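Colleague: This is what each chain is made of:
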Amino acid sequence: MSARVKWRRFVSNFMLTLTGLCALVSVSVLFLILGYLVFNGGTSINWAFFTQLPKPVGEAGGGMANAIVGSAKLLMAASLLGVPIGFLGGIYLAEFSGSAVASVVRYAADLLNGVPSIVIGIFAYSMVVLPFKHFSTLAGAFALGLMMIPITLRSTEEFLNGVPRYLREGAMALGASKWKTIASVVVPAAYRGILTAILLALARVAGETAPLLFTAFGNRFWSQGWEQPTASLPVMIFTYAVSPYEDWHRQAWAAGLVLLGLILIINILARTILSRGIAVPRS
Amino acid sequence: MATSGTTLPNAGPVTGSRSFLSRLRDGDEIARLITMVFAATVVLITLLLVYELWSNSALARTKFGLHFFVTQVWDPVIDQYGALPFMYGTLVTSALALLIAVPLGIGAAIFLAELAPPRTSDTLQFFIDLLAAVPSVIYGLLGVFIIVPLMRTVIFPGLNKPLGFLPFFKGPSYGVGFLTAGIVLAIMVIPYIISVSREVLLSVPRDQREAALALGSTRWESTWKVVVPFAKTGILGSIFLALARALGETMAVTMVIGNTPTISASLFSPGDSIASVIANQFTEATGDLYLQALVELGLVLFLMTFILNGLARLLIVVTTQRGSGVPV
Chain A
11 MSARVKWRRF
21 VSNFMLTLTG
31 LCALVSVSVL
41 FLILGYLVFN
51 GGTSINWAFF
61 TQLPKPVGEA
71 GGGMANAIVG
81 SAKLLMAASL
91 LGVPIGFLGG
101 IYLAEFSGSA
111 VASVVRYAAD
121 LLNGVPSIVI
131 GIFAYSMVVL
141 PFKHFSTLAG
151 AFALGLMMIP
161 ITLRSTEEFL
171 NGVPRYLREG
181 AMALGASKWK
191 TIASVVVPAA
201 YRGILTAILL
211 ALARVAGETA
221 PLLFTAFGNR
231 FWSQGWEQPT
241 ASLPVMIFTY
251 AVSPYEDWHR
261 QAWAAGLVLL
271 GLILIINILA
281 RTILSRGIAV
291 PRS
Chain B
143 MATSGTTLPN
153 AGPVTGSRSF
163 LSRLRDGDEI
173 ARLITMVFAA
183 TVVLITLLLV
193 YELWSNSALA
203 RTKFGLHFFV
213 TQVWDPVIDQ
223 YGALPFMYGT
233 LVTSALALLI
243 AVPLGIGAAI
253 FLAELAPPRT
263 SDTLQFFIDL
273 LAAVPSVIYG
283 LLGVFIIVPL
293 MRTVIFPGLN
303 KPLGFLPFFK
313 GPSYGVGFLT
323 AGIVLAIMVI
333 PYIISVSREV
343 LLSVPRDQRE
353 AALALGSTRW
363 ESTWKVVVPF
373 AKTGILGSIF
383 LALARALGET
393 MAVTMVIGNT
403 PTISASLFSP
413 GDSIASVIAN
423 QFTEATGDLY
433 LQALVELGLV
443 LFLMTFILNG
453 LARLLIVVTT
463 QRGSGVPV
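Protein chains in written order, with our numbering: chain A, 11 to 293; chain B, 143 to 470.
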């Protein structure tokens with residue numbers, strides 16, 4: 011074997027090992043993040059964390075009950091806005107529209123999907139906060155709901171298009187009208203994929219912080235209603251992490267662990283159990 | 143049309159398509175209208191977003207014009223606003239992020255697409271997908287408590303001692319700054335580069351590889367000189383996508399960049415970015431001009447990501463369709 015061939019073999023093996031190393035480094039970041047969160051936040055998670063309000067500055071203890079409830083409220087209201095628009099719009103794209111209209115809607119959705127979350131925050135501020143004249147849970151939910159629309163829309167369309175033609179034809183041959191075919195045959199055939207995508211969309215907005223900063227704002231106490239500002243886990247993590255207090259740092263780690271744990275669990279469940287045998291589209 | 147005799151054989155008159163009334167009775171027309179309203183909402187919201195950004199920054203746009211982009215002063219007290227330091231910060235941190243993330247991401251994508259057995263590749267891709275789901279505030283949290291101290295105690299002394307004569311590595315270092323933000327951003331965008339590049343690489347036809355191997359090239363040569371060039375447009379698309387993410391990224395950057403509007407060649411200097419100045423000052427912006435200047439920054443950010451995303455999508459579609467005809 012000539013020296014030249016040996017050298018080429020060596021280069022090949024060397025570079026391929028290097029790519030393996032790249033993959034290893036990239037994937038290990040996930041476990042580093044998890045490890046740090048468990049190590050730093052695990053000890054601070056206790057019953058009080060889930061049931062108590064934040065204590066005043068300087069007083070140790072307290073929890074984030076209001077932020078947990080706030081996040082749940084925000085996500086619920088966001089789904090009420092984002093899921094119907096995305097789902098029904100997706101049905102229109104897949105089943106009713108001509109290609110010209112569809113491409114306009116698709117383009118708008120892709121554009122919306124690429125808008126930085128902080129800009130969505132500005133939009134929600136001018137649409138909801140300004141007219142109501144103060145920060146509110148609704149404004150935060152509006153911002154998060156907007157972010158759910160494009161993901162839900164595109165994946166609904168994709169999964170409906172994936173339903174085989176013969177199912178539609180079968181239903182229509184039996185005399186079903188078009189909407190009846192969609193409602194009782196096409197959508198049920200695609201529901202697992204759609205549900206997976208909605209869950210993934212929910213998991214994505216659950217960690218969004220930037221659009222909440224000047225919409226839902228923050229609150230050290232229980233939120234008094236939908237028109238009042240509310241605390242949320244991501245914003246709480248941000249304020250606590252950049253604060254100068256040791257005890258707040260501890261709680262920020264704990265909140266980070268809870269939030270990431272929740273998001274990863276939703277992701278894993280949606281991707282493995284619900285979508286068994288379905289290709290999950292990547293956002 | 144699709145609504146011809148197949149559904150109701152005896153429904154149509156001469157034309158063969160059902161009358162409007164019969165479709166109305168079946169509910170088809172109603173269903174179509176209702177879903178159309180929701181689809182139209184999406185377009186409406188997008189238009190409204192652009193309009194709001196445009197009209198709510200009118201005051202700042204007319205007052206400062208193009209000077210907005212070339213002045214450094216950002217002073218609410220004298221009501222003067224210039225975006226230069228923020229644009230500089232956004233561009234520098236994003237460039238640093240790409241410098242780190244592109245080689246790592248493409249290397250990992252090559253491993254996943256070319257070398258790893260399918261099952262291993264899928265498992266690793268699963269972890270990469272999870273990584274992409276980690277919210278940015280969590281990256282910020284780790285940035286503040288892990289990377290910032292690391293910068294101050296290890297990386298800054300390590301680079302400043304041998305290379306301190308270069309303007310890029312001048313001190314002092316507070317831990318926060320351009321490089322810290324760049325590193326955190328890099329970690330955040332790597333999953334996007336890997337996912338898209340892997341997809342693009344996998345769409346390269348098998349015969350391309352086989353032809354190269356048959357001609358006697360090594361595994362690496364076939365990958366680097368045949369497969370990667372074939373997929374390079376799509377890989378470029380993944381980089382644009384990552385850049386768009388990096389430009390608009392807010393929380394992680396805000397937490398580690400230092401939030402001081404400075405233009406400095408030193409990568410250890412604290413700075414500020416478009417997204418982070420909006421995040422920090424929007425709630426405390428008093429006065430119309432102040433608020434509108436911030437909205438104009440938002441508009442700038444929107445336009446930058448809009449252009450990059452469009453280009454990225456175009457590049458990815460072009461490559462994957464040339465490869466296998468399967469769109470991403």
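Read the hints as simulated data drawn from the structure, not as lab findings.
Every value quoted in this text rests on a predicted model; they were computed, and no experiment measured them.
The C-beta atom is built at its ideal place from N, Cα and C for all residues, glycine as well.
Don't take every hint at face value.
[Unchecked claim] Which residues of chain B face chain A? A few of them, derived with a C-beta cut under 10 angstroms, are: (1) T188; (2) L208; (3) F210; (4) T392.
[As the list claims (entries may be wrong)] Calculated cross-link-like contacts (lysine-lysine; reagent style DSSO-like; alpha-carbon spacing at most 30 angstroms): (5) A/K143 to A/K65; (6) A/K83 to A/K16; (7) B/K205 to A/K143; (8) B/K367 to A/K16; (9) A/K16 to B/K205; (10) A/K65 to A/K83.
[Claimed, not checked] A few chain B positions that, by computed beta-carbon distances, are all more than 12 angstroms from chain A: (11) S278; (12) L378; (13) A394.
Colleague: Taking each numbered hint in turn, which are not upheld by the structure, reported in ascending numerical order?
Modeller: 2, 3, 6, 9, 11, 13
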